[in-house]
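Chains as they are written, first to last, in my numbering: chain C, 1 to 198; chain D, 199 to 656.
No wet-lab data here; the hints were simulated from the structure.
This structure is a prediction, so every number in the text was calculated from the model and none was measured.
Glycine is no exception: its CB is placed at the ideal position from the N, C-alpha and C atoms.
One thing to keep in mind: the hints can contain errors.
What the hints assert, rightly or not - Sample of chain C residues lacking proximity to chain D, with all beta carbon distances greater than 10 angstroms (derived): (1) Q58; (2) E96; (3) H148; (4) F162; (5) P196.
Stated by the list, open to error - On the chain C side, residues computed to face chain D include the following (Cβ under 10 angstroms): (6) Q14; (7) G30; (8) D33; (9) P34; (10) H64; (11) Q65; (12) D90; (13) G91; (14) V109; (15) T118; (16) D149; (17) A173; (18) L181; (19) A183; (20) K187; (21) A198.
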Amino acid sequence: MSRESILAAIKKNQPEQQALPDLNAFRRTGPGDPAAFRKVIETLGGQVFEISSYAEIQPLIAEHQPDAQKIISLQESYLPGAMTEWETGDGGRQYEHVDLAIIPGQFGVAENGAIWITDVEIKERVLPFITQHLAIVVSSQDIVPTMHDAYAERIAQPGGGFGVFIAGPSKTADIEQSLVLGAHGAKSLTVFLYSPKA
Amino acid sequence: MEHQHKEHSLLAEEFNANEPRVNWHDETLWWVRQKRDKMAWTIPEWEDLREAASRIKHNVLGNLHDYLLEFEKNAQANGAVVHWAADAAEHNKIVLQLLQEQGVKRMVKSKSMLTEECHLNPYLAEHGIEVIDTDLGERIVQLAKEPPSHIVLPCIHKKKEEIGELFHEHLGTPAGNADPKFLTAAARQHLRAEFIQSRVAITGVNFAVAETGEMVVCTNEGNADMGAHLADVHIACMGIEKIIPQRKHLGVFLRLLARSATGQPITTYSSHFRAPKKGQQLHIVLVDNGRSRQLGREDFRNSLKCIRCGACMNTCPVYRRSGGHSYHNAIAGPIGAILAPNLDMKEYADLPFASTLCGSCSNVCPVKIDIHQQLYKWRQVITREGYTKKTKAAGMHAMNIVLSKPGLYKTAGGIGRWVMRTFPAVVNNGLNPWFRQREMPEPPKESFADWYKKNRKQ
Numbered sequence: 001m002s003r004e005s006i007l008a009a010i011k012k013n014q015p016e017q018q019a020l021p022d023l024n025a026f027r028r029t030g031p032g033d034p035a036a037f038r039k040v041i042e043t044l045g046g047q048v049f050e051i052s053s054y055a056e057i058q059p060l061i062a063e064h065q066p067d068a069q070k071i072i073s074l075q076e077s078y079l080p081g082a083m084t085e086w087e088t089g090d091g092g093r094q095y096e097h098v099d100l101a102i103i104p105g106q107f108g109v110a111e112n113g114a115i116w117i118t119d120v121e122i123k124e125r126v127l128p129f130i131t132q133h134l135a136i137v138v139s140s141q142d143i144v145p146t147m148h149d150a151y152a153e154r155i156a157q158p159g160g161g162f163g164v165f166i167a168g169p170s171k172t173a174d175i176e177q178s179l180v181l182g183a184h185g186a187k188s189l190t191v192f193l194y195s196p197k198a
Numbered sequence: 199m200e201h202q203h204k205e206h207s208l209l210a211e212e213f214n215a216n217e218p219r220v221n222w223h224d225e226t227l228w229w230v231r232q233k234r235d236k237m238a239w240t241i242p243e244w245e246d247l248r249e250a251a252s253r254i255k256h257n258v259l260g261n262l263h264d265y266l267l268e269f270e271k272n273a274q275a276n277g278a279v280v281h282w283a284a285d286a287a288e289h290n291k292i293v294l295q296l297l298q299e300q301g302v303k304r305m306v307k308s309k310s311m312l313t314e315e316c317h318l319n320p321y322l323a324e325h326g327i328e329v330i331d332t333d334l335g336e337r338i339v340q341l342a343k344e345p346p347s348h349i350v351l352p353c354i355h356k357k358k359e360e361i362g363e364l365f366h367e368h369l370g371t372p373a374g375n376a377d378p379k380f381l382t383a384a385a386r387q388h389l390r391a392e393f394i395q396s397r398v399a400i401t402g403v404n405f406a407v408a409e410t411g412e413m414v415v416c417t418n419e420g421n422a423d424m425g426a427h428l429a430d431v432h433i434a435c436m437g438i439e440k441i442i443p444q445r446k447h448l449g450v451f452l453r454l455l456a457r458s459a460t461g462q463p464i465t466t467y468s469s470h471f472r473a474p475k476k477g478q479q480l481h482i483v484l485v486d487n488g489r490s491r492q493l494g495r496e497d498f499r500n501s502l503k504c505i506r507c508g509a510c511m512n513t514c515p516v517y518r519r520s521g522g523h524s525y526h527n528a529i530a531g532p533i534g535a536i537l538a539p540n541l542d543m544k545e546y547a548d549l550p551f552a553s554t555l556c557g558s559c560s561n562v563c564p565v566k567i568d569i570h571q572q573l574y575k576w577r578q579v580i581t582r583e584g585y586t587k588k589t590k591a592a593g594m595h596a597m598n599i600v601l602s603k604p605g606l607y608k609t610a611g612g613i614g615r616w617v618m619r620t621f622p623a624v625v626n627n628g629l630n631p632w633f634r635q636r637e638m639p640e641p642p643k644e645s646f647a648d649w650y651k652k653n654r655k656q
């Protein structure tokens, strides 16, 4: 069993302990800027629509994703009449045939356009990756400035078995550094930035 | 001395046979370096972030024993099975056994430099198991039967026409089509079929959090997630140095990693794997393979802070003009050159010399590893241990004699200048390694000492 010998070697060789740095200086006060958040997502190749009611989602999808036939909406209120789950299948493989999945995001990060999603909301972990196109609904009230604020305020503890920051559509630049959207995951990302009218 | 590979300088010479290709390679990587700069400059606290990251990693090195135990305990509580491997052979054996238990013959793997370091793919192939690399760049080099030439951009040495040909041969795309968008779409289709069929997925690990027992994997393509979420068994392979203390420290590293690597604000996906999904097995293989030894080398232990962003390669004037394969090691470039001699000092004795010691690598490193100083220190260790080439050792010995005796230095300088002026062919020929890539300078008529004596009084 190598466990003991590895641990013994580490104990013998590790240097003196040093204190961890204080990260509070990196925190920002106040909420994140939705305009900055929007701008980063657009530079990452995503589309952002500001909406004040979920009723605006349906016409926007009809206009911008006219080919989407099989649509899943994890919350019925986003798109009344859409399926909230696909037929039961083989560990998520059935979602390969979904054209568009609309899912809730917990919060966004203004500095990098990342949106936090966990398996508490999405149930089937592979859904946001395997769907051909992805749409995320996030409230403009739920934008934090930086990753430090995200971990300190929102996700100091894990809330589920799996969580992911998604920033833009799946992409690659492996062929001669030419950026191509749509590698293995979703080919496009649409973000509905929701601010209810006061 | 017997080596398994040609030396860096010879491999670099082969890479330099095609001059336009080298220029293209050089410019492409420099462009990535410039993207990194632009991103870094938008963050006013960038230097403080680098300092914080370096200090967090230093804390990890000093507490690695306890953090590993904490990680193991929490990962087990989350439902994962934790394995320990002393070296590459044990790592490969553990993975093979897990695959044999599942009875799989073909499975997917997302990018993991550790499994490259352990040569997992050829080992599994010997046992009748085919591994499909799913990162696009890695799949391309796999089809070409080559190793990756860069840790973040595995096929940066390949032109799109060559990739088009590979895809024509292996994936049946039309001959002559080299459009990156078309080829990427073809790979998507090919690899989606592999994800769907695969019952086991291997992934690497970018960060493992002691406090929560979770692992973070960063990709742009989404291949780690496609593999891991669809599989019945997820095997995550990681070096023991990937541990970080707490979840909040991810904030520092996720801000630095992609900005340093490719000039992106963050990778598309930063996936936090804590517990296996219902009905799934999660195995974590903790690999030492020389890391605990490196931890004990005071001059070199900081190399274990590396987060594998590749910034040191993109900026390195030698890497950009010699290509990743010239380092004949899973990890190329400046960081590879300070990690490899720990694994095999004799085999990689040439790598610390493959540098101008300009220090650019240390300046861009997001965790502030003193890379160029370690390169310099490895040269001394390797020379002391007797692993340098005889010609280099003899040259250094002669230099030492001449430079330590002022009278001899003066005489030798005078003879040298006379020879270069009178018989230039003696130095301007192929036998002199310094002449190979450059013209020898016009020798001065007098030495600086003579000039100074004449001019001092004026």
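Hints versus structure:
no.: 1; hint: Q58; verdict: holds (27 angstroms)
no.: 2; hint: E96; verdict: violated (7 angstroms)
no.: 3; hint: H148; verdict: violated (4 angstroms)
no.: 4; hint: F162; verdict: violated (6 angstroms)
no.: 5; hint: P196; verdict: holds (28 angstroms)
no.: 6; hint: Q14; verdict: holds (5 angstroms)
no.: 7; hint: G30; verdict: violated (17 angstroms)
no.: 8; hint: D33; verdict: violated (14 angstroms)
no.: 9; hint: P34; verdict: violated (16 angstroms)
no.: 10; hint: H64; verdict: violated (20 angstroms)
no.: 11; hint: Q65; verdict: violated (18 angstroms)
no.: 12; hint: D90; verdict: holds (9 angstroms)
no.: 13; hint: G91; verdict: holds (6 angstroms)
no.: 14; hint: V109; verdict: holds (8 angstroms)
no.: 15; hint: T118; verdict: holds (8 angstroms)
no.: 16; hint: D149; verdict: holds (8 angstroms)
no.: 17; hint: A173; verdict: holds (8 angstroms)
no.: 18; hint: L181; verdict: holds (9 angstroms)
no.: 19; hint: A183; verdict: holds (4 angstroms)
no.: 20; hint: K187; verdict: holds (8 angstroms)
no.: 21; hint: A198; verdict: violated (31 angstroms)
Against the hints set out earlier in the document, violations occur for numbers 2, 3, 4, 7, 8, 9, 10, 11, 21.
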